[in-house]
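Make one complex out of these two single chains by using the hints.
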Amino acid sequence: MIQSLFLINCSGDIFLEKHWKSVVSQSVCDYFFEAQEKAADVENVPPVISTPHHYLISIYQDKLFFVSVIQTEVPPLFVIEFLHRVADTFQDYFGECSEAAIKDNVVIVYELLEEMLDNGFPLATESNILKELIKPPTILRSVVSSITGSSNVGDTLPTGQLSNIPGHQVGIEYTNNEAYFDVVEEIDAILGKSGSTVFAEIQGVIDACIKLSGMPNLSLSFMNPRLLDDVSFHPCIRFKCWESERVLSFIPPDGNFRLISYRVSSQNLVAIPAYVKHSISFKENSSSKYGKTIEGITVTVHMPKVVPNMNLTPTQGSYTFDPVTKVLTWDVGKITPQKLPSLKGLVNLQSGAPKPEENPSLNIQFKIQQLAISGLKVNRLDMYGEKYKPFKGVKYVTKAGKFQVRT
Amino acid sequence: MSTAPAYSEDKGGSAGPGEPEYGHDPASGGIFSSDYKRHDDLKEMLDTNKDSLKLEAMKRIVAMIARGKNASDLFPAVVKNVACKNIEVKKLVYVYLVRYAEEQQDLALLSISTFQRGLKDPNQLIRASALRVLSSIRVPIIVPIMMLAIKEAASDMSPYVRKTAAHAIPKLYSLDSDQKDQLIEVIEKLLADKTTLVAGSVVMAFEEVCPERIDLIHKNYRKLCNLLIDVEEWGQVVIISMLTRYARTQFLSPTQNESLLEENPEKAFYGSEEDEAKGTGSEEATATPLPARKPYVMDPDHRLLLRNTKPLLQSRSAAVVMAVAQLYFHLAPKAEVGVIAKALVRLLRSHSEVQYVVLQNVATMSIKRRGMFEPYLKSFYIRSTDPTQIKILKLEVLTNLANETNIPTVLREFQTYIRSMDKDFVAATIQAIGRCATNIGRVRDTCLNGLVQLLSNRDELVVAESVVVIKKLLQMQPAQHGEIIKHLAKLTDNIQVPMARASILWLIGEYCEHVPRMAPDVLRKMAKSFTAEEDIVKLQVINLAAKLYLTNSKQTKLLTQYVLSLAKYDQNYDIRDRARFTRQLIVPSEQGGALSRHAKKLFLAPKPAPVLESSFKDRDHFQLGSLSHLLNAKATGYQELPDWPEEAPDPSVRNVEVPEWTKCSNREKRKEKEKPFYSDSEGESGPTESADSEPESESESDSKSSSESGSGESSSESDNEDQDEDEDKGRGSESEQSEEEGEKKKRKKRKKLPEGHGEDSSSDEGSDSSSSSSESEVTSESEEEQDEPASWKRKTPPSSKSAPAAKEISLLDLEDFTPPSIQPVSPPTVVSTSLAADLEGLTLTDSSLVPSLLSPVPGVGRQELLHRVAGEGLAVDYAFSRQPFSGDPHMVSVHIYFSNSSETPIKGLHVGTPKLPAGISIQEFPEIESLAPGESATAIMGINFCDSTQAANFQLCTQTRQFYVSIQPPVGELMAPVFMSENEFKKEQGHDDQKPADPASRRPLSSSQRASHY
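Just so you know, the sequences run in chain order A and B.
Per this note's numbering, the first sequence starts with residue 1, numbered consecutively.
Per this note's numbering, the second sequence starts with residue 408, numbered consecutively.
If you're looking for bench data, these hints aren't it; they were derived computationally from the structure.
All residues carry an ideal CB built from backbone N, CA and C; glycine is no exception.
Take the hints with a grain of salt, since some may be wrong.
[What the hints assert, rightly or not] Only part of the chain A face toward chain B is listed, based on derived beta-carbon distances under 10 Å: (1) E17; (2) K18; (3) S22; (4) V107; (5) N309; (6) N311; (7) P360.
With the rest of the complex left out, here is chain B (with noise of 0.2 Å):
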C-alpha cells in the first residue's frame, strides 16, 4: 500500500470524532491538528534514541489503532524498533506489526529476523511472543519458516512455549492449507504431551485443522480424561465437546437397550447408579453366550469420561457447566442425566447473557427429559424485572414442563403474568396457555374459559392474541362451543388486529352452521370495508365468501359476487388469484368445471386440528451448547455429532504403549490406564480376572518390600521378576505377603477398577481387616492415592483413619500441584536392573563422599532428564533419594545416573552455568572424567528448589556439547523425611504448625511410612 491514500483516509478521519483524541494530549494538540505533518513528528521520536520517546510515539500509534484509524504509513519507522530493547516498546511494536504485516509483507519481512533470534532465547516467555508474533503476522513467505518454528518449539522444553505452538498451529493453517499433514504430525506429537498446560490448546489446534482424525484421539483418551480436571476452564471445554464427539463413535449407546434391561434382574445394579462396579463384572460374564440381543455394557473408557467429567459440574465457569451439561444429554444413560439440572438451574443467577444461552438450552432438554426439570419448577418463574427475551424463554421452559399434576400451579403463575406491564410477555403467555391447553386435555376448557374471559380485556393486543389461540383450541371439538364462535363474531367490529380478524373470519367461515344468522350479516359487513382491509384478512373474506356461498347460496349469492368483483381487481396478486381460483370452482360456468361439483368438499373439508409444538423441538439434532443448536442452522464449521455406532469400535485402540524408555517413570500412570482395559478382557474371560490383576499389586508390595528391607541386592530381584510381569501380564504368582498384596488389590479395585467384581472383594475383607491396623497397609494406601490422578478418589477407604487429617493435607499438596508430566513420587518402583549396578557402582565410587546416605535408597522413582536420543548417546536420568542433601540442609539431594550407550566415550560431564529463577540454586556434582561406551555412572547433586515447585534449569556439558535439562520436583520430594512415632506425629499433628523452610522440622509426608524406612 503506498503512503497516498493512507494519508488521504487519515484526513477523512481526523476531520471526525477521531480529532478530540489529539485534544486529549497537550503537548501535541498544537502540532498535530496541521495534518500533513504530523506523522512526521511521530517518526522522529521512534528514530531517537530515548526510549521513552519511542514508548510514548508507540503509545500513541497503539491508540489510533484502537480507534481504528489508519497508521499504515508509519510502517517503515515502526518496524525498524522491532529490536528495541525495552521490553514494553517492543510489545507495542508487535501489537502494530500484527495487525498491519499482512497488508506491508514485504517490509514486515524486515522483522523476521528479529523474531528468528527471538525464538533462541533462553527466556521462556521470549520464545513464546517471539514464536506468537511470528505465527500472527499472515505473510504467506514465511510460511517455511513458521512451520519450523512451529516444530522446533513443539519440542520446546517450557511448556509455555509448547502451548504457544500449539496456538500457532491454526494461524499456520489458515494462512496454508497445504501444511495440513505436516501440522497433523506436530498435533499428534503434541497430543501425547503430558502437561495441563498444553491439552486445551493443542485440542483446539485439533478441532481446527482435523477434527475427522478421531484416530490420533485414541492413544490419548484416558490422559485427556484425567487431566481434564486440572486443565484451565477454556481448555476443559475444548476438550470436553471434543469428547463428546468421540465417545459417540467409539461407545454404543447407553439408552439402547434400555427395555431389555428392564426385565433384566439384573437391573439393580444400574438402578443404584455408584455401584456399578458390581454390576459390570457379572453381567459381562452372562453376555458373552447371547451374542443376538446382547445386554447393554459400558464400556470403562466411557464410564471413565462421564465419571470424570462429572465434578466441573460445580465449575464457576459457566461454558464449562453447559459443556458438561451437553455431554450428559448426549451420552449418559438416562438414569444418570438428572445431575446435569441442578448445575444448569444455578447458571440462571448469572448474567442476562448466560441465562439467555442456557434457557435456550434447557428449553430443547426439557422436551426431550421433561423429569429432569420438574422439581426444578419454580426456578423458572418469571419477575417482572427479567428482559423480555429471557422471559419468554422461561416461559417457553415452564409450557414444556407443565403436566397433569403441576397444571394448575402453572396455570396459577400464567394468570399473573397476563397482568403484567410488557404486551410481547403477555401475548407469548397467551399462546403458552394455548399450548397447555392442547397438551393437558384436562384442562383444555378451564382455558378456554380464562381466554374467552381475556376477550373483554381493555388491551387489543391481548384481545387479538387470544384470539388466534382461541380459535386453534376450537378445531379441536367446535360442535361443544357455539357460544364462543357467536361471541368472537360480535367481536368483528372492535378488533382491529389483522391476525385476530382473519382468524374470527376463518372460524366462522367453517363453523358457520353454527352460527347461520349471524355470518352473512358479517360478511356484509366485511364486504363494505374490503378495501380497507389487511391482505390476510382480505384472502379470509374471500374463504368466507366462498363456504357461505356454498351453504346458504341463497342469502349470499350476491355479497359473493361482490367481493370476488372486488378481489379482482385488488393490488395484491395473491388476492386476485384467489378470487379467480374461487369464482372458477364455486360459481358454475358454461364449461362445468368438473371440479365444481366437488366445491363443498374442497372447501369444508374437515380440517385436521393443528398441533401447538415448542419452536425448540427437535432442535436436539444439533450438539447442545453449540453456536448452530442456539441458531437453530448450521453455523460454519460445525462437526455433526455422529450417532451411535451399531457395533462397537475394538476399544482396545486405547490401550496406550509405553515405549521402552519411558518404562520405568510412567510406570505408574501406564499401569492405571490400562486398568479399564482389563476390566474389560475380563469380562470376555471371567477366570483370568484375578489373574489379571495380582501381578501388579504384588510387584508393587514386593519391590516396597524389598525397598523397606532397603538392600541392593532384594531390589534387583524385584525389578527382575518387574521385567518378567511386563512381558507376561497374565502370569499370576502368589507372594509371601499375601496380606499386603490382598489390601492393594482390594483397593485398585475399589477406587480404580469400580467396574471389577464384587465376589472378589468379599473375599479380601478378611485379609483387609486383619492387617487394616499395621503400618505397611497405610503406607501402601498412600502411596497409591498419591498416584491416583485427582478426579479418581472418590471416597476415602475407612482405614485411612489411623493418620487422618495430616495425611490428608500433604496428600491433596501431590494430587494438586503435581504437572502430570512429571511421575509423583513414583513409591516403591522398579529399579531396573541396571541400576542396581548402578546402586553397587555407586557404593564403590561415590562411598567417600556420602557414605551414609547411599545405602538405604528407598522407594525411589527414576525419571528422564536426557534421552539417549536427544543427548547423542548420553542417556541420563534422575530421582530424589529423600534425603537432605549434605552440603546443605536447603537442598534436596537429586541423583543423577548416566550412561553412555554411544560408541566412543564421553568425557568432561559436569554442570554448565545454570540460569535459574530466583531463589533457586544448585551445589553441582563434581566432574565426571570420562564415561565408557556402555558404562554408567551416578552423582548426586543438590537443588535448593526455594519450596517452590519451579522447575531448575540446567546445563549439563560434555567436553563437545552442551544439553539443556530441566529438573522439576514434586512437592512431596521437597519434605525431608523425620523419624517419629505414632504418637509423636498426632501430637505434631495437634500443633498444626507445618515448616517446610526448616528441614530439621519438616512434617514427614506420612511418618508412618517413613518410620519404616529406618
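Next comes chain A alone, as it looks inside the complex (with noise of 0.2 Å):
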C-alpha cells in the first residue's frame, strides 16, 4: 500500500520523508514537480500522477502538499483518506499544520507516522488511541522530560485499540462533567444573475466536545430529524437506533469529534438571507422572520488579470485589494435592514487593456448566530449509565459555506 510519505512546502523543498518499506528515492517527487509546474496552480495539481515504476497520490493542505508513493493497485480515495487523516492529527497535535510546526516536532511525527502505518496499511490512526500511545507536546511536558529525560510515549497498549468503541477511555475521571454542542449550518447556494437562486442546499455538522467521566450512554434526540436528508456518522453512533427512532444513540469519544454532517437539500427549505444586487449594492431580507442579525458579511471578488488597483468608497465597513492575486475583500460587518451597505468608486484597468467581457463572481461569506437556518432543532440529550449530571449545551451558527453571486 502506502510506500513512502513526502512532505513538501509551496517552494518546493521536499523537508520531511517516511518510509514504511524499502527506501524509495527522493528523485520520484521529480514528476510531482514535473506535474505542479504544469498545473500552475497549486489546486489544480492532479491528485493521482502515474510515473514509470511509482504512483503518485497527493493531497494540498494548509500551503503543504503530502506525496505519498505507491507501487500497486489500491482505491485512491483511501490513500487521500489516510492522508487527510495524517494532516487532522498533525493539526490535533501542534495545533496547526505547519512546516514550522512539523519541523519543530520532527522527532514526534516520526513516532506518529511509525504507529499510523504499518508495512503502508493503517494502523492506529484514531487521535484518542494516538494521544494514548504518544502524548502531544506541552510546554510544561518538554521542560520535564528535557530534565528528567522522562519519556512521553506510553508503554501500555490503549484501551481503545482493543475495543469496539472508538476512543473512548475508561479511567479518566474529569471535574466537570461536560457535554457541548455546535450545530453549524452552511448555506451553499449559487445565485443567478438576476438574484434568482440557481442552486441551494444546506450542510449542516455537529461538533461535540465531550468530557465525561466513566462510560456515559448518550443519547440525542431532535425535534424536527426528519429534516435531515442526508447523514454521515462518526463510528461511535449506533446506526440501528438512528434507523429506527431517529435517535443518536453512541457512547462518546473524549474530547473534540464530529458527531455528524447532514445536508438538507429540498429547495424550499433554503430561505436565502441575503442577496446581492448586480450593481454592488446589498440588502437584507427575512431578517424579520428570523429575528437575528446577519454579521460578519464579507465579500470577496476575484478581479479580472487587467485590474492594477481601484479606488472604492464603501458606505459600510472597510475594502482591501491585494494587487497580486486580484483579489477584493470588502469587510461589510453587520447589517441593519434601514441602511443598505454599497460599495462604489472606479476601478482601473491596465492601460490598452480591452474592457473585460466577463463580470467576476462574488464570494459572499456571514454568519448568522443562534440559529440553525434549516430549523434543526436539538429536542433533549439523555445520558445513562452514569450518575452525576453533566452540563449540557447546544449551540447554533448558520454560516455561508459556497456561497456564490453570478453576475
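Written out as C-alpha cells, the structure is:
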C-alpha cells in the first residue's frame, strides 16, 4: 500500500520523508514537481500521478503537499483519506499543520507516522488512541522531559485499540462533566445573475466536545429529525437506533469530534438570508423572519487580471485589494435593514487592455448566531450509565458555505 | 556499506540545506559544524548510561533520517541500545533499525535476540512491536525466524498481536515469496479469527499474498459480512473490495433475467424492494420446474452482502462510501443501485482531492446509469472558485446527465460558464455543448447558433474551440449550413490557432460546392502563407488544394501545383509524403496511374459524422474506485473484476461446520450463519421449510423453559434434545410451548430470514397476537436481539414496545460492545449433558460454599477458556452465572468447569499470579487438588472487571504446567439481575439514573426477563 511519504512545502523543498518499506529515492518527487509546474495553480495539481515505476497520490493542505508513493493497485480514496487523516492529526497535536510546526516536532511526527501505518497499511488512526500512545507536546512536558529524560511514549496498549468503541477512555475522571454540541450549518448556494436562486442546499454538522467520566451512554434527539436528508455518522453512533427511532445514541469518545454531518437539500427549505444586487448594492431580507442579525459579512471578488488597482468608497465597512492575487475583499460587518451598504468607485484597468467581458462572481461570507437555518432543533440529551449530572449545552450557528453570486 | 562513502555523502549534505538544522540546536551547533567529528559526539552520547543523553542523541538522529540524510555510519552505536529500558529510546532505535537494517544486515542480526525476547513479553504492546520491527527489517537471513514468530503470534491471545501477525505476512512474502504456502496456512487460520480487529488486516494480507485463493473465503464469507460494520474503516475498504470480487465469482448476475422478470407477475416483489422476503420463496417454488430459463433468484448470501454494506454508505470515511458505491454498482440489481447516488453526492463537499476521485467515478457511472444521478443534477453545477480540474469533471458529468427534458436548464447553465475567466474551462464547455448537440437532436440547431455567435467572441481561444466543435456538428448536416461555412471561411484571416485553421480548411475543402467562389481565394491566401503555417494546417492546405483541383481544376490547377511544390521541400516528412502521394493521385502522369481515375471518389467520398463520446465510456470494465479506473490503465497488482458466472457455483461451500468442541459456545452464531442456507434449500423442496425452522426455535424455547423453571433435570433434558437436533436438523417435533415457538419462528423469519415465507408468517400472526402480552415473549425477543449482529436489526417489532427505551439501550450495549469472538449472553442455551452432570456434582461438592447461588443457573452459555488440546488434556470452560459474587459485591461470579480428558490425573489446579490491567481484580477459586482422568469439576471465581470490557488475563496452573487464559466479559454480564415488577421498572426508567457501579441498584438487562427467573 503506501510505501513512502514526502512532505513538500510551497517552494518545492522536501522537508520530511518517511518510508514504510524499502527506501524510495527523493528523485521520485521530480515527477510531482513536473506536474506541479504544468498545473500552474496549486489547486490543479492532479491528485494521482502515474510514473514509470510508482504512482504518486498527493493532497494539498495548509500550504503543504503530502505526497505518498504507491507501488500497487489501491483505492485512491483510501490513500487520500489517510493523508487527510495524517494532516488532521498534526493539526490536532501541534495546533497547526505547518512546516515550522512539523520541523519543530519532527520526532513526534516520526513516532506518529510509525504508529499510523504498518507496512503501508493503517494501524492506529484515531486521535484518541494515538494520544495514549504518544502524548502531544506541551510546554510543561517538554521542560520536564528535557530535565529528567522521562518519556512521552505510552507503554501499555491503549484500551481503545481493542474495543469497538472508538476512543473512549474508561479510567478518566473529569472534575467538570460537560457535553457541548455546536450545530453549525452552512448555506451552499449559487445565485443567478438576476438574483434568483440557481442552487441552494444546507450542509450541517454537529460538532461535539464531550468530557464525561466513566462510560456514559448518550442519546440525542431532535424536534424534527425528518429534516435531515442525508447523514453521515461518527463510528460511535449506533446506526440501528437512528434507522428505527431517529435518535442519536452513542458512547462518546473523549474530547472534540464531529458527531454527524448532514445535508438538507430540499429547495424550499432554504431561504436565502441575504442577496446582492448586481450593481453591488447589498440588501437583507427575511431578517424579521428569523429575528437575528446577519453579521460578519465579507464579500470577496476575484478581479480580472487586467485590474491593477481601484479606488472605491464603501458606505459601510472597509475594503482591501490585493494587487498580486487580484482579490478584492470588502468587510461589511453587520447589516441593518434600514441602511443598505454599498461599494462604489473607480476600477482602473491596465492601459490599452480591453474592457473585460466577464463580470467576476462574488463570494459571500456571513454568519448568523443562534440560528440553524434549516430549522433543526435539538430536543434533549439524555445520559444513561452514569450517576452524575453533566453540563449540557447546544449552540447554533449558520454560516455561508460556498455562497456565490453570479454577475 | 563502509563508513567512508557515508561520510562523503554527509559532507555533501551538510554543505546544502542540512546546515541550518544544526543551527537549530544551540547546544551543539558550534561543535558539529566541524564535519568529521560530529558523529563521534552522537556516538558518545549513545554510549553513556544516561537515558536523557541517549534520547537526545536518538532524537537528533531521527531528525536526520526525516530530512533524508544519511545516518548509516551510526548503526553500531545505535544498535547497542536496542535493549534499552527507556521505552522512547527503544522506539526511536526501532525507527532507526527499520530504516537502515537492510543496508547493514550483519550488524542488524545483533538485534534479533532482543526481539525474540520481546516476542515472549507478557505485555501485548511489546510483543506486538517486537514482531513489527522483526518483520520490518528486511534481512533475508532471518526469514525462518520471522516465519516462526508469525506463526506463534497468529495464535496469540491478544487480538492486537494477531493483527500485527497479519500485517507481518505481506512483509515476509515480499522478502521471500517461497514462503507462500506456509503463509497461506497462517492466513487461513487468521481468516477464521472472529475479532473485528484482525479481520481487516488479514484480508489485506490475503489480497497481497494469495488473492487467487478465493476458496479460503467461502467458509468465512458470512462471518466477514456480519463483522463488516464493526471493523475499522481501513479494513472495511479492503474487505468490501475483496467481497466484490468474491461475489462476482460466486453469484449469478442480478440483471441477467431482468427482461424476463418484466413479464413475470411476481415482478412486483422485486419492485417493492424491502419485501424481497416474500418474493424469493414463491419464486423459487415456481422456478424449479423450468431449468431452461430459470428466473433469477438472488442467492441469500448475495443479499446478505448487499444488506450489510448498505449502512456503510453513511460512513464518515469517503473511502468506505466509495467502496460500498462500487460494490452496489457492480453487484446490485438495477433497481437498488440508486441508493448510492445520494452518498456520492455528499462526498462532493469534501476536500478537492476527494471530489476529483469521486467525480471521475460518477462520470463513469453516469454513462451507464444516467437516471441515478439525474435528481442531483444541480449538485454538479460549477462554482467559479472550483479548481479547473474539478470544473472539467463536473462538466463531464453534466453532459452525461443531459437529456431531452433537462437540456434547457443545462444549456442555460453552460451559457454562464462560457463567460468564465478560466479559459481552459470555457474551451471544455464549448466541447460539452458540442456533445449535447450531437446527443440530443432537438437542440442541435440551438447549440449551433449559439456556437456561431461565439465566433465573434474577442477571445481567440474561444473562437478556435467553437470552430472545431462547429466543424464536427456541420458534418452531420452540411447542406443546411452553407452560410455558416461562408462565415467560417472569412475567419481564416483572423484566427491563428492552428487547430481551428485546420478545421476551417477541411470544412471548405469538404463542402467546396457550398462556397464555390470563396474556396479558391482561401487557397490562394493559404498558399501565400504556407511556409509559416503549422504542420496540421499545412496538411489541410494540401487536402484543400487536392479537393479543389478535382472539382474546379480550371481555377486552381496552378495554385495546387504551387502548394504541392512547396510541400515537397518541407522539413516535415509527413508533409513531403502527403504531397508526393497527392500529386500521384490527382495529377495524371504518363504512366496513368489506375488510381487517379478514382481520385474523386477517394477524396470526396461521403464521410461519416464523428461521434462525440465521453472519455469515460467503457471505463467501467475497471473496478470502480480503483487506481486503475482513475488512470484508465491497468495498475500493477490490479485484480480483474471477473464476469458473472453462467451457472452459480455450489452455495453450500459457504456453510460453516462448527467443530465439536466449540459447539456449545458457537451455537447461536452458527444458527444465524446457516440461516440463509436453509432458505435456499427450502426453495428446492418447498414443503420442508416449516420443518426446517421449527427445531431451532423449538429447542431454544425448550431450553429456556427449562432454565426458567430452574431445575437441573429439565435442563439436561433439553440438552438431549439439542444434541439430537444437532444431528438431525430436519426432524420437526411439536413443543408444548407452541405459543412461544410460533413467536420465535415468526421473528426469526422477519429479521434473520427475510427470504422466508409470507404464508407462514400470516399463520403465525394469530399466535403472535395471543402471546404478545406475555412476559416470555418479551424475553425471547430481547434475547434474540442480543444475538443479532449489529446490522441485522432493521425494524423493531411492534411488540417490543412493552419495555421500550430502557431495553433498547441495554440491548444496544450488547450489540455494539461485544467483540464478536465472545458470544453474547448466550441465552437459555444448551447445557451439555456433561454440564448437567457437572451441575449435580457441583451441588454436591460445593454446596457448602455457595449454596444459594447454585440451584438456579439460568440462561448460562459456556465458553471455552482452555481447549483440551492446548491444555494437554485439561479442558476448561467458563460461564457467567449472572449473580453477584458472594465475597465481594463488585465482583462478577464466573463458573469454571474443568474436565480432564487425559490419561493421568491432573493435580494442584489453581490460579497463578495474575497480571491484570488496572482496576481489575480477581478472587481466586480454591485449589482443586486432583482431577482424575475423565472426571470433571467446577469452581467459582469472582472477577471485578471494573465495569470495563477489558479481558482479565491470568494463569491457570497445574502442578506441572501453566496456561495463560483470558476472560473477556460481554457488557451484559457486568450487570446484576434485580427483581422488580414491571411498574417499578417503569418508574426506574423514568428516572434515567443508571448506576452500574453499585450492584444493588444496577439496572436489569430486562426486568421482566429477570423477573421470570426468580
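Going down the list of hints, with the structure as the test:
The criterion of a C-beta within 10 Å of any C-beta in chain B is met by E17 of chain A, whose closest approach is roughly 5 Å, and the hint holds. At a threshold of 10 Å, the smallest CB-CB gap from K18 of chain A to chain B is about 7 Å, leaving the interface hint in force. Contact between S22 of chain A and chain B, as hinted, is supported at the beta carbon level, the nearest pair being about 7 Å apart and thus within 10 Å. A least Cβ separation of about 5 Å between V107 of chain A and chain B falls short of the 10 Å threshold, and the interface hint therefore holds.
About 18 Å separates the beta-carbon of N309 of chain A from the nearest beta-carbon of chain B, more than 10 Å, and the hint is not met. Taking 10 Å as the C-beta contact cut-off toward chain B, the hint placing N311 of chain A at the interface is violated, the least distance being around 22 Å. Among the interface hints, the one on P360 of chain A holds; its C-beta lies about 7 Å from the nearest C-beta in chain B, closer than the 10 Å criterion.
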